[in-house]
Each structure stands twice: as structure tokens, then as C-alpha cells.
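Visitor: Given only the sequences and the hints, what does the whole structure look like? Please build it.
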Amino acid sequence: MPGSPPITPHLIRAELLAPASFAPFGTVVAVDHDGGGRTVNQGRALRLPGINDLAHDTEARKPVLDIYRIDPSPLPFAVTCFERHVLSSQVFIPMMCSRFLVAVAPDRGGRPDFSRAVAFVGNAKQIVHYRQGVWHAPMVALDTPAVMTMLMWEAGDERDCEEFSEMGSLDLQIVV
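Per the working numbering, the sequence shown starts with residue 1, numbered consecutively.
These are calculated hints, taken from the structure and not from any lab test.
Some clues are possibly wrong.
Pairs of lysine to aspartate or glutamate residues, derived as EDC-like cross-links and limited to a Cα-Cα distance of at most 16 Å, are as follows [as the list claims (entries may be wrong)]:
no.: 1; residue 1: Lys-62; residue 2: Asp-160
no.: 2; residue 1: Lys-125; residue 2: Asp-32
no.: 3; residue 1: Lys-62; residue 2: Glu-166
no.: 4; residue 1: Lys-62; residue 2: Glu-154
no.: 5; residue 1: Lys-62; residue 2: Asp-157
Label pairs and their computed distance ranges (CB to CB) [said to hold, decoys possible]:
no.: 6; residue 1: Thr-80; residue 2: Asp-107; range: 12 to 22 Å
no.: 7; residue 1: Leu-65; residue 2: Arg-38; range: 20 to 30 Å
no.: 8; residue 1: Val-40; residue 2: Ser-115; range: 42 to 52 Å
Beta carbons are placed, not taken as given, at the ideal position from N, Cα and C, and that holds for glycine.
Guide: Here it is, written out as C-alpha cells:
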């Protein structure tokens with residue numbers, strides 16, 4: 001269309017989701033890791049270290065535990081919006097899925113910094129915890145439909161989920 005700015009393709013190559021590479025944005029817990037744990041329930045269970053930095057603002061008083069059913073998306077995945085939760089951290093716990101895509105970006109002046117956005121591919125044995133205020137794409141299932149449990153705290157107003165969809169001329173694509 002004449003007069004429209006040219007579309008700028010920006011490809012992000014997703015890497016495997018790992019605690020160290022995701023650390024600037026939150027926590028990854030692998031259910032099958034060998035990182036210690038302690039025996040509980042009269043020796044019938046092993047309690048593994050989990051997420052020890054769940055956080056929420058005092059205004060977000062209501063804990064919310066919801067179930068997400070997510071249809072799979074094709075690759076490359078076109079990112080059309082990012083979101084953040086300024087009052088609460090957010091956790092996704094896979095119940096049924098094969099692989100899923102996580103895309104995050106640091107904040108720059110109240111907006112996601114797409115020039116430093118990164119993406120990860122997780123699996124059914126990985127729990128994802130976004131720190132409070134972290135910009136991220138909505139959860140994306142790959143290959144098959146997914147069912148995930150989501151935990152966060154809410155205040156019951158627009159601050160619970162801030163969306164950014166002003167992509168302008170940026171065509172943000174994630175490849176695996």
C-alpha cells in the first residue's frame with residue numbers, strides 16, 4: 001500500500017528452554033531434574049525444589065488458578081502481541097502437551113524491547129514462572145493441543161494484564 005511503512009521482518013530462533021538462559025525473566029523448573037529434593041509422604045514421594053520467588057503486589061489479593069486449553073500454532077509463529085502482569089508473577093504448569101513456545105522481552109520505557117526478545121521451546125516436564133512485570137507472548141502450543149494450569153494473583157482491573165499490540169512495521173517471527 002502506498003505511503004505505508006515497509007514491513008521489517010525480524011526472526012527469532014528459539015532455543016531449548018533451560019533455567020540459566022531463562023533466569024533474567026523468571027524460573028524454569030524441570031520435573032525430571034536431578035537437583036536434589038527430599039523424601040516426603042512416608043517415603044512414597046520425592047519433593048523437588050520448585051519456585052521460591054512467587055510474588056504479587058498487595059493490591060492483587062485474589063489468587064487465581066485457571067486451566068488453559070491451547071490449540072497448536074504453526075511455525076514460524078507470528079507474534080502479534082506481548083503482555084505483562086505488573087501486579088503478579090505468573091506460572092504455567094503443563095498438564096498435557098508435547099512442546100510449547102515461550103517468547104519474552106525486557107522492558108524499555110514501558111514497552112517490550114523487541115530488539116532483545118528471545119524465545120524458548122519447552123516440554124511437558126517444564127514449569128514456567130514469569131517474574132512480575134515481564135513482557136511475554138501469550139502461551140503457544142506446538143505440535144499438539146496443550147492443557148496447562150495457570151497461577152497468578154489479580155486485582156480485578158486492567159492492571160491484571162497489560163497488552164502491547166502496537167507492532168507497527170515489525171513482523172516478529174519465531175522459528176525453531
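Visitor: Kindly indicate which numbered hints from before are broken by the structure, ordering the numbers from low to high.
Guide: 3
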